[in-house]
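As given, the protein sequences belong to chains A and B, one line each in that order.
For the first sequence, my numbering gives the first residue as 1, with consecutive numbering after it.
For the second sequence, my numbering gives the first residue as 117, with consecutive numbering after it.
Note that these hints are calculated values from the structure, not bench results.
Careful: at least some of the hints might be erroneous.
Said to hold, decoys possible - Here's a subset of chain A near chain B, in silico, CB distances under 10 Å, partners left out:
#, residue
1, Pro8
2, Thr13
3, Lys14
4, Glu44
5, Leu55
6, Ser62
7, Arg64
8, Phe65
9, Ala67
10, Pro70
11, Phe74
12, Gln80
13, Gln84
14, Gly85
15, Met89
16, Pro99
Unchecked claim - Pairs of lysine-lysine, DSSO-like flavour, derived with a Cα cap of 30 Å:
#, chain 1, residue 1, chain 2, residue 2
17, A, Lys11, A, Lys71
18, B, Lys186, A, Lys71
19, A, Lys11, B, Lys154
20, B, Lys119, B, Lys186
21, A, Lys57, B, Lys132
22, B, Lys154, B, Lys186
23, A, Lys11, A, Lys57
From the three backbone atoms N, C-alpha and C, an ideal C-beta is built for every residue, glycine too.
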Amino acid sequence: DTGVSQDPRHKITKRGQNVTFRCDPISEHNRLYWYRQTLGQGPEFLTYFQNEAQLEKSRLLSDRFSAERPKGSFSTLEIQRTEQGDSAMYLCASSAPTPGEQETQYFGPGTRLLVL
Amino acid sequence: AQKVTQAQTEISVVEKEDVTLDCVYETRDTTYYLFWYKQPPSGELVFLIRRNSFDEQNEISGRYSWNFQKSTSSFNFTITASQVVDSAVYFCALSEGGATNKLIFGTGTLLAVQP
């Protein structure tokens, strides 16, 4: 099993540009999460998919952010008209439901975004 | 509201010392789950442990041990005989389950183990 992968690992962009990140979850994991982590802070929840359905979005996810998981496998997170405040590590996690138990989320290596 | 507090921002120890990382949580739910993750310099969060609110039994895994006390809303993590490879940021997290199971993280504790 190859774990959660994310691409790219690093992205530098200029303010106002659009960026898109990709996450490939662990195979057979039907739940996928996006988090954002700024320097010196813990990750903050952005959004959650179960299969292809986006079931929850945080208030942190402004209108400039959109996430998709079209076939219930990989997911993309797009940021339009990037701002310097978007600079952060974007983490993806996946999990599989465990009957009668809370599942464990497994994280990818993250995409580090720097907006100049 | 749910909240996780890790009051220790940074801890520095010398190799082979024992070290305890503190975690205090707030939740109104009776059913919840607590987690510890390790984030080495590479950036990837590595899962260490998950406990549910009904299981207060302490757990030991090699040099790692966890002390869960509902009376004080704490879920502390001890590393025995620390090693340089233990150097990382450690995060405590809370989930109330439900439909989303999203994690609420603390701000993390940076552990530096000196040789």
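Taking the hints in turn, this is what the structure says about them:
1. Pro8: 13 Å, violated
2. Thr13: At 19 Å from the nearest chain B Cβ, Thr13 of chain A fails the 10 Å test, so the hint is violated.
3. Lys14: Hint on Lys14 of chain A: violated, closest Cβ of chain B at ~23 Å, above 10 Å.
4. Glu44: 7 Å, holds
5. Leu55: For Leu55 of chain A, the interface hint holds, since the closest Cβ of chain B sits about 7 Å away, which is under 10 Å.
6. Ser62: Cβ of Ser62 of chain A sits 18 Å from chain B, so the hint is violated.
7. Arg64: Not OK, violated: Arg64 of chain A not within 10 Å of chain B, min 21 Å.
8. Phe65: 16 Å, violated
9. Ala67: Since chain B brings no Cβ nearer than about 14 Å to Ala67 of chain A, farther than 10 Å, the hint is violated.
10. Pro70: 21 Å, violated
11. Phe74: 18 Å, violated
12. Gln80: This interface hint is violated because 24 Å lies over the 10 Å limit.
13. Gln84: 21 Å, violated
14. Gly85: 19 Å, violated
15. Met89: Where the cut-off is 10 Å and the nearest Cβ of chain B is about 6 Å from Met89 of chain A, the hint holds.
16. Pro99: 13 Å, violated
17. A:Lys11 <-> A:Lys71: 25 Å, holds
18. B:Lys186 <-> A:Lys71: 41 Å, violated
19. A:Lys11 <-> B:Lys154: Holds: Lys11 of chain A and Lys154 of chain B sit about 24 Å apart, inside 30 Å.
20. B:Lys119 <-> B:Lys186: 15 Å, holds
21. A:Lys57 <-> B:Lys132: The given pair, whose Cα atoms are some 44 Å apart, is violated under the 30 Å limit.
22. B:Lys154 <-> B:Lys186: 23 Å, holds
23. A:Lys11 <-> A:Lys57: 23 Å, holds
Checked against the numbered hints above, the structure violates hints 1, 2, 3, 6, 7, 8, 9, 10, 11, 12, 13, 14, 16, 18, 21; every other hint is satisfied.
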